[in-house]
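Peer 1: Chains as they are written, first to last, in my numbering: chain A, -1 to 331; chain B, 3 to 441; chain C, 20 to 361.
Since the hints were derived computationally from the structure, they do not count as laboratory data.
Straight-line distance between alpha carbons at most 20 angstroms, and here's what the computed SDA-like set of lysine to any residue pairs gives:
#1 C:LYS151 to B:ALA335
#2 B:LYS173 to C:ASN294
#3 B:LYS224 to C:LEU285
Far from chain C, by Cβ distances over 12 angstroms, these chain B residues were calculated:
#4 PRO19
#5 LEU84
#6 ILE141
#7 GLU157
#8 GLU377
#9 LEU383
Just a few of them, taken from the derived set where beta-carbon distance is under 8 angstroms, the chain C residues facing chain A:
#10 HIS30
#11 ARG32
#12 TYR34
#13 GLY36
#14 PRO41
#15 ASP47
#16 ASP86
Where is the CB? At the ideal position from N, CA and C, for every residue including glycine.
Single-letter residue listing:
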Amino acid sequence: MAADAQSAPRMPYGRARLIALGRATKPIREASGIARALFWAGVVITLFFVVLAVFAPLISPYHFNQYRSNGIRFPQLAHPSAAHWMGTTVQSSDVMARVIYGAQTELKVVVIALAMSLGVGVPLGLISGYFGGILDRLLVLVMDAIFAFPYLLIAIVIAFVLSTSSIGGGVFTAAIAITAAYVPLYFRVVRNHVISVREEPYVDAARALGARPRTVIRKYVFFNVVQNVPPIATLNAADAILLLASLGFLGYGIQPSQGAEWGYDVSRAVSDAASGIWWTGLFPGFAIVLLVAGLTLLGEGLNETLNPVLRLRRFGQFEFAEREPREEALLDE
Amino acid sequence: MRPETVVTPESRGEHAPLVSIQDLRTYYSIRGSFADRLVGREAGVVRAVDGVSLDIRRGEVLGLVGESGSGKTTLGRTLLGLVRATSGSIEFEGRQIARLPERDWRALRREVQVVFQDPHASLNPAMTLEQAVGHPLVIHGLERDRERLRLRVIEVLERCGLAPGTDFLDKYPSDLSGGQKQRAVIARAIILNPTLLVADEPVSMLDMSVRAKILELMLELKQDFELTYLYITHDLATARFFCDRIAIMYLGRIVEIGPAEAIYAEPRHPYTQALLRAIPEPDPERVVPRDLPRGEVPDAALPPLGCSFHPRCPRAFEPCGWESRDLRELLEARWARAAGAAGVEEEQALVGDLDVLDRSTSEARLPAPRGRRPEDVVALLERIRAEDPAEPFWRGVERLEARGTRTEVDFHNPQDPRLEPVGGVEVACHLYGTTPPET
Amino acid sequence: MSGGSILQVRHLRVYYGTPGRPVRAVDDVSLEIGEREVVGLVGESGCGKSTLGRGILGLLPRGARADGEVNFDGRNLVGMPPQALRRLRGPELGLIFQEPMTRLNPLLRISDHFRETLEQHEPRLTDAEIKKRSLETLGRMGIPPTRFRQYPHEFSGGMRQRIMIALALVLRPKLLVADEPTTSLDVIVEGQILALLADLKQNFGTALLLITHNLGIVAEACDRMAVMYAGRIVEEGPVRDVFREPAHPYTRELLRSTISLETKELHSIPGAPPNLIDPPPGCRFHPRCPDAMRVCPELEPVEQRLDERRRVLCWLHGPAQRVPAGGESPLEREAIGIADEA
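Put together the whole structure using the sequences plus the hints.
Peer 2: Have a look at this one:
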């Protein structure tokens, strides 16, 4: 028996991984009409911006702070034209360049912020939910207190404090400010799910096998709890973009020298609007709306496909075949 | 009974039991209303296991039979260290394990394993069978080489009927049927070669045609691996087939314990008798029994006085623990039977609010409502007694009279029944007890 | 069958849609239930018995469709518009489920549950009459009037099931469908509830379709029984006759595998119930049948009436003239691999 096992073909590791991936994405492939459309629309839009962000130096005709080329200064507040597809700002920067580089800034900050929020919120939620007790009560108290404040307020306070400190007003400051606002969200979601999973027989079984708490959390609880996170993270990213833009709008975001930021551009464009100059505000503003919409669609699409409660499986259409008369003939005989 | 001979301690030359439980108690405190929680007050205590003493002999199958609220599952979990005992002692192979700290349980877990009831929930949905079944070896550091680990997993899977093992390694629980899942759970439990296996309703969630296969597998494994089983179930039919000895539990206590055949041949405790009568038997000559004990298992947080079964027992008498709540039940049952008939409302108005009787005391004090006389209540009760004098309740009543503005009922003193040997078994029932009924 | 038949199911099919081919949960089932009869529908998990119960009442989930006839009171319930069906459900057709807690509204008192039900279906009753009827029905179920105004969570599982049954019976339906009503209850409470159900015909004049996997319940409480396997009824007849002399091999094997107090030896049926999307060809039981013949995987069996009250779906009982030459010799096949075991 053992010899057979050794010579029997064993599935290659890679193929096993593919199968696992196939299982994980099964809900997405089986999703019904609306959920699918939402999901893919969101994917397309988000990908578009990701491409912009990643390949900004290659795509954008100019640097975001560039106000001249070949020694000639760009016109100020110029209408959209062949040279400047989206016009220029009061500081002679190309609006399109600022929009493209803005994508880079937004995504950079949000990705870092999300990573930090998850990195702090999820483990705390796991520990708090699994162990309970005083630690749990304390953490819940703290997190609920932070949760009670409006996101924007927390972000502004932290951004303000950090920007006057040695870290300065860069990408990291903005990221930290956003992180602080969202950690309680992930903490709560993960903790609540852990509390229900904790009572499941297979977690009990793991304890009965002799697994240490950290093993139980890692192998038995974590994977079953983490499925909730992607839809929330994407919806959260949408929210974070808005938060960053708001910070920028209020002047607490990225310093102009560090990067282009849409919210900042919109705030600068407010005074232009009075003079009938629409392109400095419209394009960055539209970019915000589009990216947030894309992420939201992606998040909602993920939620509809992954959440078993909302999931509407695609029911195949079928017809009842003609019934072969089995009984009738018999009754005649 | 099963064909093979029962392994007795004498035949193995061992006399000390594998597990010896003495007066074990596991209580849960329950969180009460919001106000209670605010102040931090406990609202009550559930006495899930309320003074259990028994031995598990090496090599036997001991059945723990009871309905919900009997405490059988909690007893199993206390034995496994998943729940801390409140008091009492558990000796496993000579070691005291009742309140062992979690740290010290790890090494012990290699010897005491469990199979749970719900095969669909006992396996981690995120782990393949190879990972799940092999995990015990990894946890205890018994097999670090990946290839050898896989071989051991294959071996134990095939031993449990999942062959060829290689086909099952990459399967997730959702790919398997109920019976296959339970086989995997059993495989996981025995891969460590434990001494004691606690099986909590291992087949009750499986189809009938599959149960036999899993029970057969468990019997084979018992032989091959020299296991001892604690078989927890509510199903007396499988227990009869599977177990050597059986302990019947009711509300945290053992009411009857003895060799399986003795219990089935001559059940002594009224609860055991009721259980056996109630099991639906696939014999069309039988009819649904109409004389089952009334009521249900009471709330474990507020157990009845004396013998917990007395409110439902058809043969209860003086010492069984009569109390105020029994009077309430008597009246309510009467009104339920006659519901809709004339006179019920009048009687309800005469007696008044019954909530005052909701106390666990051997005296009942029922204040007459405004404008009513307690003498009329006493007359009503006497009428009720005359209608059915055989009702056990009346044997518990020592004194019934009207005093001032209220009706007073005193019951005989309650006595807790203790397990005492009767014939070849032990029974905790005053009918067989050496405690003389109060004259 | 005493009295006339009140429900005739003819060639009912209920399929569930999936991303692929449909699941043929109920695949051509015919059944009759007479006035005041207690009919047991027995089968293991996945045989389609619950779907049949719900299909009769038209309570199918999304993606499921029914075809065929369910004749009740002269009307076909399949394809009836939802409003008309709703009016029938309750006063004519009742249903009780397995888990009573999830079916009672935790925010409503018991009295409110009854009031809602009676007001909806018998609007001409006065408040006093409503209360009287409710208390009477509850009393028959052993629930005292002093608890009429309590909430569902204040009752135990067994009492909630009684309340559910009372709610179904207060409208005096002609037929009650009970889907595994005692599975989640303790044995003694189960016995009490079964006694209530078995006496329905006397006390309420209601017929009962009792869906269960427990053969003991069927033996004790039912007059007639139908055995389901893989979406079809394979045997039907009076309980006594079927138990004494099961005609279908599955019935026989199922009876042998049932563990009772008298069991001396363990029996099981090799293999596992089939996939209902792609069931085995011919007779669906043939891969597991110890008496399978060569004809069994080739042709679907024809329903045979053994006598006036019994029928069976199995080639062992003919009709002989339909079996091709050589079809009656035993089927040879590989032993069922353990991997296919349940």
